[in-house]
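This is what each chain is made of:
2 protein chains.
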Amino acid sequence: MIKKYKPFSQSSRSAAANRPSVRSAVQSSGQPASRPSARPVGQPAAQSAGRGGRMQPRQPLKTNRRFISSQPKVERGLAQDNKLKIIFLGGLEEIGRNMTIFEYEEDIIIVDMGLQFPEEDMPGIDYIIPNTAYLENKINKIRGVIITHGHYDHIGAIPHLMGKLGNPPIYTGALTAGIINRRQTEFKEAPKLNIVKIVNGSKMKMGRNFEVEFCRVTHSIPDSFAPAISTPAGLIFYTGDFKFDHSPINDEPADLNRIASIGGRGVLALISDSTGADSPGYQISESKVGEDLNQMFERAPGRIIIGTFASLLSRVQQIITISEKFGRKVFPQGRSISQNIEIAQELGYFKMAKGTLINENEFRRLPRSKVTVICTGAQGEKNAALQRIASGEHRFVSILPDDMIIFSSSVVPGNERSVQALKDNLYRQGGMVFHYDLMDIHAGGHAKQEDLKLMIRLLKPKYFIPNHGHHYMLRVHGELAKGVGVDPNNVLIADNGQEIEFLKTAGGTMGRLGKDKAITDYVMVDGMGVGDVSNIVLRDRRVMSEDGMIVVIATIDSRTGEPIGNPDIISRGFVYMKENKRLIENTRMKVKNIVKAHDARTPADDDHIKNKIRNDIGQFLFTKTKRRPMVLPVVIKV
Amino acid sequence: MIKKYKPFSQSSRSAAANRPSVRSAVQSSGQPASRPSARPVGQPAAQSAGRGGRMQPRQPLKTNRRFISSQPKVERGLAQDNKLKIIFLGGLEEIGRNMTIFEYEEDIIIVDMGLQFPEEDMPGIDYIIPNTAYLENKINKIRGVIITHGHYDHIGAIPHLMGKLGNPPIYTGALTAGIINRRQTEFKEAPKLNIVKIVNGSKMKMGRNFEVEFCRVTHSIPDSFAPAISTPAGLIFYTGDFKFDHSPINDEPADLNRIASIGGRGVLALISDSTGADSPGYQISESKVGEDLNQMFERAPGRIIIGTFASLLSRVQQIITISEKFGRKVFPQGRSISQNIEIAQELGYFKMAKGTLINENEFRRLPRSKVTVICTGAQGEKNAALQRIASGEHRFVSILPDDMIIFSSSVVPGNERSVQALKDNLYRQGGMVFHYDLMDIHAGGHAKQEDLKLMIRLLKPKYFIPNHGHHYMLRVHGELAKGVGVDPNNVLIADNGQEIEFLKTAGGTMGRLGKDKAITDYVMVDGMGVGDVSNIVLRDRRVMSEDGMIVVIATIDSRTGEPIGNPDIISRGFVYMKENKRLIENTRMKVKNIVKAHDARTPADDDHIKNKIRNDIGQFLFTKTKRRPMVLPVVIKV
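So the sequence lines, in the order shown, correspond to chains F and A. In our numbering, each residue's number is its place in the first sequence (first place is 1) plus 155. In our numbering, each residue's number is its place in the second sequence (first place is 1) plus 155.
It is possible that part of the hints are untrue.
The list treats identical chains as interchangeable, and a pair is accepted whether it falls inside one copy or across any two copies.
[As the list claims (entries may be wrong)] With a Cα cut of at most 25 Å, we get these calculated DMTMM-like pairs of lysine to aspartate or glutamate:
{"hint": "1", "residue 1": "637", "residue 2": "453"}
{"hint": "2", "residue 1": "781", "residue 2": "536"}
{"hint": "3", "residue 1": "747", "residue 2": "274"}
{"hint": "4", "residue 1": "767", "residue 2": "723"}
{"hint": "5", "residue 1": "509", "residue 2": "410"}
{"hint": "6", "residue 1": "792", "residue 2": "723"}
{"hint": "7", "residue 1": "603", "residue 2": "571"}
{"hint": "8", "residue 1": "659", "residue 2": "281"}
{"hint": "9", "residue 1": "240", "residue 2": "717"}
Think of the hints as simulated: they come from the structure by calculation, not from any bench. All of these numbers come straight from a predicted model, not from anything done at the bench.
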């Protein structure tokens with residue numbers, strides 16, 4: 156079926172030799188190689204950007220002759236007329252926060268709108284959403300939002316962003332629509348969405364310049380689609396998260412024929428999922444996981460308790476099917492898993508007999524050997540069902556020695572220690588614990604190296620843009636592409652925000668990394684605040700978490716400038732005050748002496764005293780304890 | 156060589172059938188099954204314990220007839236006369252903090268004295284050391300401290316504890332002694348140590364009841380020894396960290412003959428390393444790692460930069476040897492790695508030609524293809540050499556595209572994200588990056604399942620005590636032991652602090668888990684403070700790191716009870732005050748109203764006002780922001 160295709164690198168190289176390079180071709184027609192506003196990659200954006208600020212005003216660089224000589228009018232003509240811009244607002248430097256912009260003349264379409272879970276140095280942050288500063292003045296150009304599938308790293312920013320972006324129509328599968336709509340209800344101020352449901356093969360015109368054909372792919376959740384985007388510059392294929400699974404569970408396999416036929420039409424660029432680029436071999440089929448689960452079910456004398464992700468709907472379906480086969484009823488525990496089962500069932504995505512799902516009463520009545528519990532919390536999340544079961548705090552699910560506990564998801568990096576502690580607790584409760592490594596979430600849902608090569612070979616793209624992963628994954632994926640024949644010059648590895656341009660030239664469409672960079676500073680969601688937690692706030696949290704803080708309150712008689720009484724000291728997270736009376740007393744005396752040494756009658760002097768307290772007391776405490784608490788001086792004049 | 160030995164479970168089971176069980180045998184001679192002071196496993200110790208407090212006073216439980224009937228005199232006679240107690244002060248619920256006590260009559264010996272790196276919920280803590288409250292009144296019984304090898308999880312607490320414990324002699328290998336002495340110099344107040352150097356086969360009498368024979372084992376650092384401890388109750392073999400490596404690098408292989416011959420003498424209990432208990436198969440030899448390194452050296456055109464652990468001295472030796480073979484000089488970067496190389500070289504543990512190690516000047520002069528840089532920081536540690544190289548901040552080591560960067564250590568759980576970021580940065584610097592998974596630290600240095608079984612078969616212990624690992628690893632290791640013939644009743648899986656007792660009875664020595672539990676609460680080291688960071692301090696740090704804090708200062712006229720001016724508000728890590736003026740203003744007004752609503756003329760009322768501010772303002776801010784900052788009310792009367 157799959158023909159080995161002739162690498163095009165050779166022909167594209169020889170073509171290049173016969174004409175000016177991309178850059179000089181553009182320059183000769185008045186287009187500067189980099190736009191006047193260019194900011195070097197990695198340079199921090201303006202401070203306001205983190206809170207939804209705008210891009211830097213575009214001013215020509217005075218020192219660069221090329222920029223001065225460029226004619227704005229000509230530039231606009233060219234740039235607007237035949238340039239496709241692709242900008243990733245997230246997803247190129249992390250796993251998460253996926254959002255990609257396609258812009259051509261007066262049309263913009265968006266693919267995905269996901270969230271990213273916070274890094275370790277962002278304490279208290281719920282999650283991060285893409286920064287849409289770039290779109291601020293272009294909202295009336297947005298023709299639609301394509302959502303590839305229903306995972307939070309692809310849909311999670313929808314409630315926060317759709318209102319700001321003029322609530323354009325969303326194009327996605329029915330299951331994804333169900334999950335998006337359910338989440339939307341949790342946000343009071345989010346607008347009602349206009350969702351257009353698509354199926355495999357749907358074609359949608361979006362604006363004057365884009366036409367999108369949807370192509371079924373397989374992932375760990377049903378209803379995953381890869382958009383093939385026709386643009387005046389050429390055809391762009393965007394895989395979304397995918398794997399090849401020729402026997403998926405309760406889902407159609409990826410539409411290889413459609414993908415191959417699109418490949419036959421000539422693909423300008425392939426944008427492909429890099430999550431598994433570092434893993435050799437082929438991804439295993441979900442059916443294989445089923446075989447192994449089967450064997451475990453055969454051996455289980457008591458209850459089976461399976462921890463997994465609520466979003467791994469294909470896995471959940473498997474567990475239900477196998478439970479039915481073994482005469483077990485299924486008891487879901489955890490809000491998100493129950494909700495997802497409900498949505499999938501309502502929309503007809505789940506195959507199960509009536510009565511398979513049971514409630515608490517039935518659970519209590521049934522013999523232990525007749526029950527499977529599916530629950531959240533396999534990552535050691537606090538308060539999740541499995542955690543409560545492990546700690547013996549679950550209201551009614553407990554563990555006996557013949558119960559079998561199965562972890563059916565791999566450990567997400569960063570969660571190793573919590574999973575460790577969870578396993579310890581489960582062992583202490585007495586059950587048999589199996590961490591089944593083959594059933595893993597990220598590898599499980601994503602193409603590995605051989606699959607990735609197959610996708611490239613099917614589509615034979617001229618350009619290759621690795622997506623969805625940390626920088627080093629993109630690099631590894633880029634090497635794979637070169638290995639199966641993509642011209643090394645045509646592997647475009649960008650950073651978040653960096654413009655990728657495709658220009659029509661006499662010799663065909665040419666792609667390159669642009670010099671412009673949209674703002675992609677983190678927009679952090681913390682409680683009700685979106686983008687209001689700045690780096691200053693985070694820095695303070697980190698400082699206080701390391702060494703705590705100390706408040707020093709000096710009350711001063713405003714007429715005499717003399718201290719009234721002894722300064723008050725409050726310490727939190729630094730030392731336990733009751734056990735460090737001498738240290739606290741010495742600190743108090745030092746503060747008093749600082750106040751006495753100043754003439755504190757003028758307000759200007761307050762700052763002086765405060766700085767002196769901050770520095771001297773900070774230094775004093777460091778000498779005594781080798782800790783650096785945040786010192787907060789308060790001067791009160793009465 | 157290795158004979159399959161007959162499982163003893165059957166004989167020991169039939170023997171048990173013919174006589175009273177351990178517990179009743181003991182009870183019949185007046186020994187209570189659990190001592191009067193028994194505290195249930197897992198019950199928190201007295202609050203003072205965390206800061207070096209003492210054990211609970213031993214009082215008979217009035218409600219238990221058995222305890223009342225026991226005769227203290229008889230009990231003491233029995234307990235003192237023929238009971239071996241083994242207590243792990245750490246190492247049974249974590250990897251780290253290894254310290255084991257052996258107590259028989261008036262003698263105590265200690266094996267290892269390690270530190271543990273902090274968990275994620277202990278911000279700001281440097282490390283944790285074992286709690287020695289149990290030893291407080293028994294210092295004059297301590298006959299010696301055996302240190303198995305020179306890693307920090309086995310030696311790290313020495314500077315903090317030896318002074319407190321009367322500075323008993325330390326028995327250890329010469330290299331370990333060198334590392335211990337070097338570290339001791341960093342602690343001004345720590346005593347000069349009395350170290351007795353031992354070699355393979357050394358026998359040491361310690362007190363009247365213990366004789367220890369040292370048995371060479373292999374680990375990732377030379378000079379690792381397993382003590383075989385002869386006690387009146389029987390022989391205990393303590394593996395320490397070990398693997399079997401028949402071709403180790405610059406180290407003797409484990410002394411299998413000695414181990415087997417000790418096995419022939421009859422081993423009462425084997426205490427064995429569980430770190431690799433979850434990994435199937437055999438541990439690979441360090442020589443195999445060398446072969447792979449060789450291949451990489453052959454391919455490297457430019458500099459080779461290898462990140463590893465300073466403590467992996469066998470790996471460091473390998474890298475030096477291979478560098479010499481390829482005509483490369485070695486440039487160590489990072490204080491700990493340079494120090495360790497220096498110690499190993501001084502003591503003759505390293506084989507290398509003169510001139511192999513180079514300094515900065517030579518490094519600058521030599522062609523790139525003639526240099527290997529060995530550096531710390533492969534775990535993404537901040538400020539470590541590799542991190543500075545990756546971020547382009549190293550003073551003179553930079554990366555060019557033909558340089559090869561090799562990670563020669565596995566990722567320690569919890570460090571995945573930092574390593575990820577480190578790799579991204581190295582790729583951005585342009586080098587070729589290899590994360591060589593076979594060269595991993597924990598698996599690398601520790602026996603895997605088949606090796607662990609070999610150790611059990613060589614020693615044929617009556618009892619098996621898995622050590623060094625999280626609870627679930629101990630459980631898995633226990634299952635392995637059962638699988639190779641240890642009586643399931645004789646696998647003793649304890650918690651930290653839990654006494655394991657071996658009693659001589661008419662039918663031989665019988666072991667069991669005791670009910671007594673020594674205090675093992677964390678003793679945290681933070682800067683200069685040891686054990687002074689309490690759970691309250693840590694809780695405060697966590698609260699402030701999540702949602703920050705807000706200080707509310709109300710100044711009150713003590714005569715009228717009325718507020719003076721407007722309350723002052725300081726917020727840190729909560730919201731950025733400049734951007735939340737309205738919220739801050741509303742908070743101020745609420746505070747003012749609270750003060751006005753009270754008659755604040757009596758000191759008793761201060762607490763009332765403070766509580767009201769804490770609760771009402773906390774609730775108000777949560778409603779407005781869904782965040783829960785720590786609210787610190789300050790009332791100042793003037």
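Requested in this report: Mind listing which of the numbered hints don't hold for this structure, in increasing order?
Outcome: 3, 5, 8, 9
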